[in-house]
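Student: Each chain, letter by letter, is given below.
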Amino acid sequence: MSPFMKRSDIVKATGATVLGLVVVFPIYYAFSASFFTIGEFSTYPPTLFPSTISLVNYIRALTESMLARFMLNSLVVSLVGSLLRMIVAILAAFAVAFLNFRGKQVLFFLVLGTMMLPGDALIIENYLTISRLGLVDSYLGIMSVYLLAPVQMFMLRQSFKTIPLTYRESAAIDGCSDFKFLTSIVLPMSRPIVLTLSLHSFVTIWNTYLWPLLVTNNPGMRTVQVGITMLGYADSLDYGPIFAAISLLLLPSIIIFLLMRKKIVEGIASGAIVG
Amino acid sequence: MEKRSARMKKTLSPYLYFVPALVLAYLFSYRPFLKTIANSLSLVNFSGKIIEFVGLENFQSLFTDRNFQTSLVNTFRFALFFIPIDLVFCLVCALLVYRKRRFNALNETLFIMPMAVAMSSAALVFKAIFNPTIGVVNHLFGISIQWFNDPAWAMFTIVFLGVWMAMGLDFLLLVGALRSVPRHIVEAAEIEGAGPIAKFFRIQLPLISPTILFIVSTRLRDSMLLSGPVMVMTSGGPYRSTQTLVYQMYIEGFTAGNYSKGSAISVVVFVLTFLLILLAFRFERKGVFYQ
Numbered sequence: 001m002s003p004f005m006k007r008s009d010i011v012k013a014t015g016a017t018v019l020g021l022v023v024v025f026p027i028y029y030a031f032s033a034s035f036f037t038i039g040e041f042s043t044y045p046p047t048l049f050p051s052t053i054s055l056v057n058y059i060r061a062l063t064e065s066m067l068a069r070f071m072l073n074s075l076v077v078s079l080v081g082s083l084l085r086m087i088v089a090i091l092a093a094f095a096v097a098f099l100n101f102r103g104k105q106v107l108f109f110l111v112l113g114t115m116m117l118p119g120d121a122l123i124i125e126n127y128l129t130i131s132r133l134g135l136v137d138s139y140l141g142i143m144s145v146y147l148l149a150p151v152q153m154f155m156l157r158q159s160f161k162t163i164p165l166t167y168r169e170s171a172a173i174d175g176c177s178d179f180k181f182l183t184s185i186v187l188p189m190s191r192p193i194v195l196t197l198s199l200h201s202f203v204t205i206w207n208t209y210l211w212p213l214l215v216t217n218n219p220g221m222r223t224v225q226v227g228i229t230m231l232g233y234a235d236s237l238d239y240g241p242i243f244a245a246i247s248l249l250l251l252p253s254i255i256i257f258l259l260m261r262k263k264i265v266e267g268i269a270s271g272a273i274v275g
Numbered sequence: 001m002e003k004r005s006a007r008m009k010k011t012l013s014p015y016l017y018f019v020p021a022l023v024l025a026y027l028f029s030y031r032p033f034l035k036t037i038a039n040s041l042s043l044v045n046f047s048g049k050i051i052e053f054v055g056l057e058n059f060q061s062l063f064t065d066r067n068f069q070t071s072l073v074n075t076f077r078f079a080l081f082f083i084p085i086d087l088v089f090c091l092v093c094a095l096l097v098y099r100k101r102r103f104n105a106l107n108e109t110l111f112i113m114p115m116a117v118a119m120s121s122a123a124l125v126f127k128a129i130f131n132p133t134i135g136v137v138n139h140l141f142g143i144s145i146q147w148f149n150d151p152a153w154a155m156f157t158i159v160f161l162g163v164w165m166a167m168g169l170d171f172l173l174l175v176g177a178l179r180s181v182p183r184h185i186v187e188a189a190e191i192e193g194a195g196p197i198a199k200f201f202r203i204q205l206p207l208i209s210p211t212i213l214f215i216v217s218t219r220l221r222d223s224m225l226l227s228g229p230v231m232v233m234t235s236g237g238p239y240r241s242t243q244t245l246v247y248q249m250y251i252e253g254f255t256a257g258n259y260s261k262g263s264a265i266s267v268v269v270f271v272l273t274f275l276l277i278l279l280a281f282r283f284e285r286k287g288v289f290y291q
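Protein chains in written order, with our numbering: chain Z, 1 to 275; chain L, 1 to 291.
Because the hints were derived from the structure by calculation, they are not lab data. Warning: the hint list may mix true and false statements.
Among the chain Z residues that face chain L by a calculated CB cut under 7 Å, a handful are [what the hints assert, rightly or not]: (1) 17; (2) 19; (3) 26; (4) 41; (5) 45; (6) 46; (7) 101; (8) 106; (9) 107; (10) 114; (11) 124.
These stretches of chain L come out as covered by chain Z in the derived footprint (C-beta under 8 Å, 3 or more residues) [to be verified]: (12) 29 to 38; (13) 109 to 119; (14) 122 to 128; (15) 160 to 171; (16) 232 to 238; (17) 259 to 269.
Idealized CB from N, CA, C, for every residue including glycine.
Next comes chain Z alone, as it looks inside the complex (with noise of 0.2 Å):
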């Protein structure tokens, strides 16, 4: 990297920045717009900068929704369900990985094979599943769908492969039990695959839409992302406390993605974080 840049360096340079302003735009709109008044919204031309930084439209989407219960439900719902989906897929990881039992090979596989089956075109049944089992507008209901994630399996069970079988070999000389080598061994080994894995599960719940839409028809239960959808500004042009309620939601969001970035830049390259 010589310090001195070529000429057609600074035009792609340059025209690399345009794009990304055109890109990042929506989301300074959002910010922008979360402090504009209703009058602002109706101006000709558009008003792109707020006259003030005032906090109405935040204060008005905290107290006059339910934004804060919807925060809360999405909350409980991407932690429990992240610890869970990590639960399912590490003792199965882990059984592929280090135990030898017959059909381990065809059950591994029937796992797998259930990522082929897109999960959005399963809702009727599934939404029929949860009705009969009485878990319409509850939290287990919300996260049942997303409780199996194979590919995380996978990916658990090559980081798990990559740890020594001698390790297993003198912990069961020592006595040391099935799980037990589970939990103070092969666990510890992986602690930064494992807490990416639970990262990303969370975020992925977080942000899953149709499903959580389905399966909650009562205003308390439903999660932040179904919930900012029906806030019902829109149809009164009175768009800032909806702008204000996509902000508190973008900012920390945005602030992780900036402090994870490198690691989910390198996920994506070694072919981890996909899907």
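Following the hints, complete the assembly by docking chain L onto the known chain Z.
Tutor: Okay, now just chain L, sitting in the frame of chain Z:
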């Protein structure tokens, strides 16, 4: 006796680790899949119980249903615009920044920022900026397209949103692929006098074709499943011009309570996603160059 039960426990315990995953796979994937197929071949009542077997009748009425034909055409229309625009745009971005230069790390971050935004937030923002009267898009470009009232244009708002949401990942995949093209090959071509266009089409494009194929096939599959942006932005309108397969399935299943028809549509979606994956694999053998 005790010894035997201990041995039993030893042979059975590995399976216990698998039980949660298997139960979930059965309950929320295989069982609903089989039941969806069964429903699509039957008359189903309002509570989801099968009344009688009707063979392919549901599919016959489905394929003659104008409404369904619209959904099918719209779904492919979306894919037809979405995938090329996504690929070209991401390729341009990737070609601009793949060489490690000053500012490129910053530009890269700008390109992948949409990854931090959830679908429903993004859809709400796009709905506002494409609003025909108060939206900034019409104003900034000096146009007056009735984005959400004109059947010819409504699909493009969904396409733009789709590209925006997909580009972070696709851009990263393409940048990664461009960076893995061996330097000496590109430099040799430059010495031989290849211009930037020849360099791209003759060397880089063939070498990154596996990545492009991967993007095209996963995005085709995503296109067949498109529903969320439609629900938030257009509700399938105007005049059903943005109604997609999964959106119609949702309407039939949950608004109209017509489970047979909804299930038949989801079987069509299964077949389409499956066929597209197979097609991608076939194409892979012919047109893709691996190092």
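Student: So, for every hint listed, does it hold in this structure?
Tutor: How the hints compare with the structure:
1. For residue 17 (chain Z), the interface hint holds, since its Cβ comes within 7 Å of a Cβ in chain L; the closest pair sits about 6 Å apart.
2. The restraint placing residue 19 (chain Z) at the interface with chain L holds, with a minimum CB-CB distance near 6 Å, inside the 7 Å limit.
3. About 5 Å separates the beta-carbon of residue 26 (chain Z) from the nearest beta-carbon of chain L, less than 7 Å, and the hint is met.
4. Contact between residue 41 (chain Z) and chain L, as hinted, is supported at the beta carbon level, the nearest pair being about 6 Å apart and thus within 7 Å.
5. Annotation: interface hint on residue 45 (chain Z) holds; nearest CB of chain L at approximately 5 Å, less than 7 Å.
6. A cut of 7 Å between beta carbons decides the hint on residue 46 (chain Z): the least distance to chain L is about 5 Å, and the hint holds.
7. The beta carbon of residue 101 (chain Z) is positioned within 7 Å of a beta carbon in chain L (closest approach about 4 Å), and the interface hint is therefore held.
8. Below 7 Å, beta-carbon pairs count as interface contacts, and residue 106 (chain Z) has none with chain L, the closest being about 11 Å; its hint is therefore violated.
9. Annotation: interface hint on residue 107 (chain Z) holds; nearest CB of chain L at approximately 5 Å, less than 7 Å.
10. Look at residue 114 (chain Z): its Cβ gets to within about 4 Å of chain L, closer than 7 Å, so that hint holds up.
11. Checking residue 124 (chain Z) against chain L by beta carbon gives a least distance of about 4 Å; that is within 7 Å, so the hint holds.
12. With 7 residues bearing a CB less than 8 Å from a CB of chain Z, the segment 29 to 38 of chain L meets the requirement of three and the coverage assertion stands.
13. Interface restraint, the segment 109 to 119 of chain L with chain Z: holds (11 residues with C-beta to C-beta distance below 8 Å; minimum three).
14. Three residues within the 8 Å Cβ limit are the bar, and the segment 122 to 128 of chain L against chain Z gives 7, so the coverage statement holds.
15. Closer than 8 Å: that is the beta-carbon criterion, and the segment 160 to 171 of chain L has 3 residues meeting it against chain Z, so the requirement of 3 holds.
16. Requiring three or more residues with a Cβ within less than 8 Å of a Cβ of chain Z, the coverage given for the segment 232 to 238 of chain L is violated, as only 1 such residues are present.
17. With 5 residues bearing a CB less than 8 Å from a CB of chain Z, the segment 259 to 269 of chain L meets the requirement of three and the coverage assertion stands.
The structure is inconsistent with the numbered hints 8 and 16, although it conforms to all the rest.
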